[in-house]
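Numbered by the numbering used here, the letters in the sequence shown go through residues 1 to 858 in order.
Since the hints were made in silico from the structure, they are not lab data.
Remember, it's a predicted structure, so these values are computed and weren't measured experimentally.
Just so you know, not all the hints are guaranteed correct.
[Said to hold, decoys possible] Keeping only pairs whose Cα atoms sit at most 30 angstroms apart, straight-line, the calculated DSBU-like set for lysine-lysine is:
# : residue 1 : residue 2
1 : K155      : K173
2 : K518      : K598
3 : K173      : K199
4 : K97       : K155
5 : K450      : K438
6 : K438      : K305
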Amino acid sequence: MIRTLPLRVAPATGEALDSWLETIATRCDAPLGAVVRAVGIEGGPTVFWRRVVELTERECQDVAYATGIDTAAVAATTLAHYDGTALAINHRRHQLKHAFPFGCRSWSRYCPACLRETDGRWQLHWRLGWTFACIRHRCLLADRCPRCDRPQRKKFPHYTEVPQPSRCGGNLKAPCGADLASARIMQLAAAHPLIEAQKQIYEIIADNRAAFGLYAAQPCPARVALTDIKALACRILAYAADNGLAAIEPVCVLPHDADPPPVSWRYRHNTAEMNAPQAALDAGVAITAALTVLRADDVAAAAEKVRWLVAGRVKRGSGQALAAYARDERLISSVLLKVFAPTAGSALTGAHMQLRYRTTLAVPAPPTSAHARLHRRARRTPSILWPDWSLRLQTRESHYWHLRCALSTATLLVGTTASVADATSILGTVIDANSATKAIQQLQHSPHWKGVCTAVTRLSQYLDDTPTPINYERRRRLNYATLLTPDRWVQICRQTGALPGKSRGQKALVARAHLYQKISGRPATDILQGTPPALREDLVQRVANFPRRVTPHVARLLAEESRRFLRANHIHEPPTWSPPLELVADLDLPGPDPALIKIEQLHDIAADMTVPIGAIARHFNVSTHTVRFLLDEYPTEPRASSAVERARTQLCPAITAETLEQLYVQQGLNLNQIAAQFGTTRFTVARLLHRDGVVIRHRPPPPDGDWLYEQHIIKRRTLADIADEAGVQPRAVHAWKKRHLGAAESDVAADRPRSPSGRFDRSVLQPWFAQDTPSPWLTHYVETLRHPTMQAAAQHLGIKPATLRYRIRALERIFGAPLLLRARHGLALRPTALGEEVAHAITELIGLNTVEAGQPST
1 MIRTLPLRVA PATGEALDSW LETIATRCDA PLGAVVRAVG IEGGPTVFWR RVVELTEREC
61 QDVAYATGID TAAVAATTLA HYDGTALAIN HRRHQLKHAF PFGCRSWSRY CPACLRETDG
121 RWQLHWRLGW TFACIRHRCL LADRCPRCDR PQRKKFPHYT EVPQPSRCGG NLKAPCGADL
181 ASARIMQLAA AHPLIEAQKQ IYEIIADNRA AFGLYAAQPC PARVALTDIK ALACRILAYA
241 ADNGLAAIEP VCVLPHDADP PPVSWRYRHN TAEMNAPQAA LDAGVAITAA LTVLRADDVA
301 AAAEKVRWLV AGRVKRGSGQ ALAAYARDER LISSVLLKVF APTAGSALTG AHMQLRYRTT
361 LAVPAPPTSA HARLHRRARR TPSILWPDWS LRLQTRESHY WHLRCALSTA TLLVGTTASV
421 ADATSILGTV IDANSATKAI QQLQHSPHWK GVCTAVTRLS QYLDDTPTPI NYERRRRLNY
481 ATLLTPDRWV QICRQTGALP GKSRGQKALV ARAHLYQKIS GRPATDILQG TPPALREDLV
541 QRVANFPRRV TPHVARLLAE ESRRFLRANH IHEPPTWSPP LELVADLDLP GPDPALIKIE
601 QLHDIAADMT VPIGAIARHF NVSTHTVRFL LDEYPTEPRA SSAVERARTQ LCPAITAETL
661 EQLYVQQGLN LNQIAAQFGT TRFTVARLLH RDGVVIRHRP PPPDGDWLYE QHIIKRRTLA
721 DIADEAGVQP RAVHAWKKRH LGAAESDVAA DRPRSPSGRF DRSVLQPWFA QDTPSPWLTH
781 YVETLRHPTM QAAAQHLGIK PATLRYRIRA LERIFGAPLL LRARHGLALR PTALGEEVAH
841 AITELIGLNT VEAGQPST
């Protein structure tokens, strides 16, 4: 049963439980063990040490009852008072955890001046690994007994005796008994950096928060800040172990009377070590130097303050040093990596290493090997980077399509340990590792590399932190066999009046490849793999130029087709998406911002389909890829450039596929006949047949020369009449005539054949003499030969020169060759060889009919 003590002593401010109970035992002239049992703590010295760490709830109440002190004040005398801020406790076992940086020691430092003033009362915080100086007396704490050089209060030698708090109790078997209050200590100035550092450490622990220097923008809990301080302090101690404490003077000024002993830090470069330094001087110098660095305004300034610590390793470009820094806490790693980043010859000069360590950011960070993070980012990244991002990052020297593939690969490299081959494999191997590496290195040689690297790094961080609406990994695995089938493409063309292409279906394949590229995030060449290599290059270019021919109506139906395909595969996502370009709005990037181009002005120029994409790009001073992207995002309605185009636009919805099939296939009408019915051209009808997938009949073979001669020369049928019968254009019949009947004669060759037999056939003139009076056109022709010029002949005949010229040309068309060589260059009019034969035949025929040659006729 617990009873109240006959003599009550309140604990001093900040006093430890063991010191408080020793004071009570000394006042009561009783052994420490008796007082411990009297206040309700059972067990020997070992159990008592655990109670110094933490009391159970029942024990805390018993001690409070026995001493007449509040339970909160009792709990404040144990190390549990600092749980979570300066140390960590295993509450089940009432033991200290060694996972807290520097944490607590099993022994205690002390301030001799404090012991003298308080008659041997020990402060609880003297046991903390973060305590190295006494702020009140401006001195370093003593580590050991000045006589036996043993640590204090590691065990309790006075447990069975009346305690002597100010005396050495380091040796249980033969206590030294030295007066600790008289130990010599190192005095410090009032504003010495060590004192200021100790104050700041106390503030961090008391507030459980760090908001100074690098932590000002984003304050953090005490444990996070202490972990950073510990990591940097360990590196400083390792440096001092090799070079001495004097080597740290540029950062932390040692006391004037200090003769620094060798550093007792034995952990070298093991920054993961949690044990605090054994010597107060070592701890003070290292912690003060670390705080000096962390008080900088930003990481760049902190890097300058710590450059002396890693200067040697930076000059050697040590990759091992980078790996070692990667094991530090993130903030410390960022500071140390910032020292490496701008240094030529260091391990961070390579493009891949700069991406992995994010050196262009204000706070660099080492890469991690988290596979889950890598694959999550890959699910949010297309195999070819979004076109708007690629255009901003494209340099003049880079190949656009290789660049898009390489940028997606670079996005996966940021902050990860994945190799280039791993990144390309995860994205579906749309580019090999060597090509991706060359493309990234080419970007690095650009003067805009810093901006490009920063943009890719920001993009990767955005993808890590922001859920995206599209799972590209799933889309890479989809089967696209049902995407935009040929029948669906023809249906879209019928609804919009667009031309579906020829029967080989190349335009349908181009449209499907374009849609596949937008939905899957992979290159369109996947769809074109089955085509011949010679044709594939042309199709790839046509896919790139496809947005030039897409109208807003077609674009809407293609978008609906994309949504239909995704819904059919149980995917409820938008067809396309891209991260906001506002992420890189402040960066100096090589490519122009597509948003700066006025869409209205682009539509005005692009509406004229005769203007090529290159001309549009030169007008806006951008690349052709930028124009294609904008036309894909904002389709333009082409301007009808001619009456034929306007007629085609109006007729496309009106002439249905059933009507065309009825006329062309079942009734067998040709293109000219169908065009005549609808008041349009044969070309429009042909395009409509292509739209509906109707195979155009092959052009009929040309007739032989005898038939053509008979129809055109003998029967005097016009070329248009013959063309209508043959189902071809008049110009085709004209070509037949030139091939079989000879081309128009010239001044040099005027005696070429006029008939298949090579002789002039007088039977051609028989129809002209079917009447009693021969045609005046023939007599006018003969009369013309008697005059030097056409004008003179017309004046003699009493007709207009234009009338005579018309009649002569008509005769030449009938006979299929020139009859006269016009007067020119001072030479008189004269007949051709054919003209002489015709004139001679006419003269003979007129003579047989007793018509006088040269008789004027009107």
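Task: Given hint K305 paired with K438 - CA-CA distance at most 30 angstroms - done: Violated, because 36 angstroms separates the two Cα atoms, which is more than 30 angstroms.
Open item on the list: Tell me if the straight-line CA distance from K97 to K155 falls inside 30 angstroms.
Closed with: 19 angstroms, holds
Task: Restraint status (C-alpha distance of K155 to K173 at most 30 angstroms) - done: With Cα atoms ~12 angstroms apart, K155 and K173 stay inside 30 angstroms; holds.
Task: Pair hint outcome, K450 versus K438 [Cα-Cα no greater than 30 angstroms] - done: 17 angstroms, holds
Open item on the list: Against the 30 angstroms threshold, does the CA-CA distance of K518 and K598 hold or violate the hint?
Closed with: At roughly 24 angstroms apart (the allowed maximum being 30 angstroms), K598 and K518 satisfy the hint.
Open item on the list: Would the hint linking K173 and K199 be met if the CA-CA limit is 30 angstroms?
Closed with: 38 angstroms, violated
Hints 3 and 6 from the earlier list are contradicted by this structure; the remaining hints agree with it.
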